[in-house]
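**Student:** This is what each chain is made of:
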Amino acid sequence: DVKVTQSSRYLVKRTGEKVFLECVQDMDHENMFWYRQDPGLGLRLIYFSYDVKMKEKGDIPEGYSVSREKKERFSLILESASTNQTSMYLCASSSQGASSYEQYFGPGTRLTVT
Amino acid sequence: RKEVEQDPGPFNVPEGATVAFNCTYSNSASQSFFWYRQDCRKEPKLLMSVYSSGNEDGRFTAQLNRASQYISLLIRDSKLSDSATYLCVVTPNQAGTALIFGKGTTLSVSS
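Those protein sequence lines, which keep their order, are chains A and B. If you want this note's numbering, it's the position in the first sequence, counting the first as 1, plus 286. If you want this note's numbering, it's the position in the second sequence, counting the first as 1, plus 1.
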C-alpha cells in the first residue's frame, strides 16, 4: 500500500514564526504536491514537484516555499506564518505516466496560527 | 473563472435511494476526468475514472459528456457508508500531473 505521511496532525504556531511541514512517501513517486483545504474553497494547489530539486508554483504560492532534496520528501515552508494561513494542509504524491492521475494523500496537518 | 464547478449540496437521501451529481468544467481541452471521495476529516481518495463511453463500478456509474462539458456520478441503492464529499477532478493536459479539483458535493445518507 502507498503510504504518505505528514509530520504532524495538529500544529499551533504564532504569527511571524517560521513553520515547516514535512511530507514523506514510500512508493518512489516522482510527483509530490502540497494543497490547502478550506471550507467553501475546496482543495487549492500551493506547490508541486516533478523531481528532486524541481518545483512549480501552483495556484496560491504566495507566502509559501518548498524544498525537495530527496525523492521521498517534500517540505512546505511558511516563512512568516500569518493568521490567514490557518488551514488544513494536505500532501499528495503520484507516479508519472499513465497512473499520474491517482494522487495518494497524506492524513493532513491542521495548522492554526494565532 | 471557475474551472470545475459542482453543486455543494448537501444532498440528503434515505438509504436505498438513487442520487446523481453533476460537475461542469470550463476547459474544453481537458484530457481526463475522475471522481474522488473524501470522508469527513479524512484525506481524498480516488473513487473512479470517467470515460467517454461511461463506466460502472458496482453501484456507481460515471458518465462524461464532452460536448456539454459535464461529468456525472450516479449512485444506486445508497448506503449509509456512501456519506461523504465527492470531488470532481479534471486534468488540464496530456501528462495529467496537475489535477484540478472541484469544491465537492456533500452526500448524507440516512436510515
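It should be emphasised that the hints constitute simulated quantities derived from the structure, not laboratory data. Since the model is a prediction, treat every value here as computed from it, not as a measurement. Be a bit skeptical, because a hint or two may be false.
[Stated by the list, open to error] No farther apart than 25 Å at their CA atoms in a straight line, the calculated lysine-lysine pairs in the PhoX-like style are these:
1. A/K299 <-> B/K43
2. B/K43 <-> A/K339
3. A/K357 <-> A/K343
**Student:** Tell me if the straight-line CA distance from B/K43 to A/K339 falls inside 25 Å.
**Tutor:** The given pair, whose Cα atoms are some 29 Å apart, is violated under the 25 Å limit.
**Student:** Would the hint linking A/K357 and A/K343 be met if the CA-CA limit is 25 Å?
**Tutor:** holds (18 Å)
**Student:** Take a quick look at whether A/K299 and B/K43 sit within 25 Å of each other, Cα to Cα.
**Tutor:** Since the Cα atoms of A/K299 and B/K43 sit roughly 22 Å apart, the hinted pair holds (cutoff 25 Å).
Consistency note: the structure conflicts with earlier hint 2 alone.
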